[in-house]
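The residues making up each chain are set out below.
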Amino acid sequence: MSDPTARKSAGLLELAERAARGDTAATGALLKALAPQMIRTVHALLGPTHADADDVVQQAMIALVQALPQFRGECSPQHYASRIVARMVVSNKRRSNFRNDRRDDETDVDAVQSGATSQHDAFAAERRRELVRELMTHLPEEQAETFAMRVGLGFSLPEVAAATGVPLNTVRSRVRLAKEALRKRIDADPAMLEMLGGDA
Amino acid sequence: MSALDLHPEELLDKAAAGSLSDSERVWLDQHLAQCSVCRFEQAARADFAAAAAPVADVQVDDLVARALAGMPTAAPAFTGRRSGSLRFVAAAAVAMFAVGSFAAVFTGALPRFIEKLVTPVAVPAPAPTPVSSRPVQQVAPKPVEVEEVTPAEPIPDPVEPAPAPARAVVGPKRVGPHRAALDAAGLFQAGNAARIRGDRAEAALRYGELLRQFSSSDEARLTHAMFGRMLLDSGDVRGALAQLDAYLELGDPTLREEAMSARARALALLGRTGEEAAAWRALLEQYPDSVHAERAAARLRELR
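Chains A and B are the protein sequences, given in the same order.
Going left to right, the first sequence walks through residues 1 to 200 as my numbering numbers them.
Going left to right, the second sequence walks through residues 201 to 504 as my numbering numbers them.
By construction, these hints were calculated from the structure, which means they are not laboratory data.
Note that beta-carbon positions come from the ideal geometry of N, C-alpha and C, so glycine has one too.
Check the hints yourself; a few may be wrong.
Derived CB-CB ranges, DEER-like [said to hold, decoys possible]:
no., chain 1, residue 1, chain 2, residue 2, range
1, B, Gly-471, A, Glu-134, 53 to 61 Å
2, B, Gln-230, A, Ser-173, 19 to 27 Å
3, B, Leu-500, A, Pro-158, 53 to 61 Å
When the alpha-carbon atoms are kept at most 30 Å apart in a straight line, the in silico DSS-like pairs for lysine-lysine are as follows [said to hold, decoys possible]:
no., chain 1, residue 1, chain 2, residue 2
4, A, Lys-8, B, Lys-214
5, A, Lys-8, A, Lys-32
6, A, Lys-184, B, Lys-214
Only chain A is shown next, with the shape it has when bound in the complex:
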């Protein structure tokens, strides 16, 4: 096996199997290997300065370890972890929404300053990210999770299907429904529509 990515995935698979059997050293090593990606995923989907970010990462790590006995290697451990993180974030966003806690729906100034080359581009990018995060609180759970993985994490359709364990056509359907909701949201936001270059 010469592909470094494939070698890394195989190594992680072995760690995941050992961790699922209760090997504590493997559990620690697996979490350490997956943690950077899990942290980045939480920051992307929840917002980098969200007060609950660390808690969600830790909950996702615990959930991952406990879910390992059900992991059958249908996808990479990285994607499996990302799916769990996405589900945790969706859950957290819904709870925040239920509490009418809107602190995470404001554009993050730090993210704007550090994310892109010009202030205008940076603002537009952060508005789009915030709209994705906002949609996650309103979409049905499966659609929100799929949409988060696809747009927030850049998963392809087959990758989403493998990570969520549903048929490809189900993923297509979820994406289409999520985009219908997105269209309504964009149509109701003239500034966003203008940012996207017109009303088509």
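We have chain A; now place chain B onto it with these hints.
Then chain B, alone, in the frame of chain A:
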């Protein structure tokens, strides 16, 4: 369903991967010119990718330690494996100690997340959770709301049998019918669970029972360190020092680095600066890359 609802998702994937053919690019561009939703999706995917920032190693270590510390010890995958369970508890103990060290610098209390997240361990171990195809919903532990631990609460003598705590206990009574039947592992888990939820009196009773009844067990060895650290946090510095000394004399390596650091802090609180300096020097000598190294060096500079 209109034509605009037939979004070319595969072409968006190919565009993201940079593998579009010329004809596919033309087709996708035509669609994007008409579809604001796909324009949004393409732009947003790039936005999220561009925002990914590197993660510091220290943040990784801290969050992994906290997650390990918050791991329920009676998880389905770990039940029925006595030695494995103890190893897991030991790993969690290391993590708790390490996290506690960081947290103590800032708050002097146990990490909020651990107190909030950890599910108190039922004794004996609960039945395995039913298998579900939805891992997160199955496993997400219900947060346990625990009030902040207040320092200097009286701790019963760990060696002498102590009366039931006089203070009011909030929540369900925790001294159950299984108490007399607990083995070393059960007492260790019960003590840790009580300590984590902030019930230090109950933790002290459990740890005390363990040290009296199973003094040569693996659990008792670790208990000296865990108990010592708890006593230090609660302000019983002399009691803490006795437990930490007992642990270090046993030569167990599991929590040695953390116990040495806690012992040095206990000596500082007692004003025994000469012994404190020696303790920090010993820590630096044995663990030059310790997470406590910076603190040790700073303290040694102050003590000169």
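These are the hints, each one checked on the structure:
1. B:Gly-471 <-> A:Glu-134: 53 to 61 Å: 56 Å, holds
2. B:Gln-230 <-> A:Ser-173: 19 to 27 Å: Once the Cβ atoms are compared, 24 Å apart, the range 19 to 27 Å for Ser-173 of chain A and Gln-230 of chain B holds.
3. B:Leu-500 <-> A:Pro-158: 53 to 61 Å: 58 Å, holds
4. A:Lys-8 <-> B:Lys-214: Answer holds: Lys-8 of chain A to Lys-214 of chain B is near 24 Å, not above 30 Å.
5. A:Lys-8 <-> A:Lys-32: It holds: about 13 Å lies between the C-alpha atoms, which stays within 30 Å.
6. A:Lys-184 <-> B:Lys-214: 26 Å, holds
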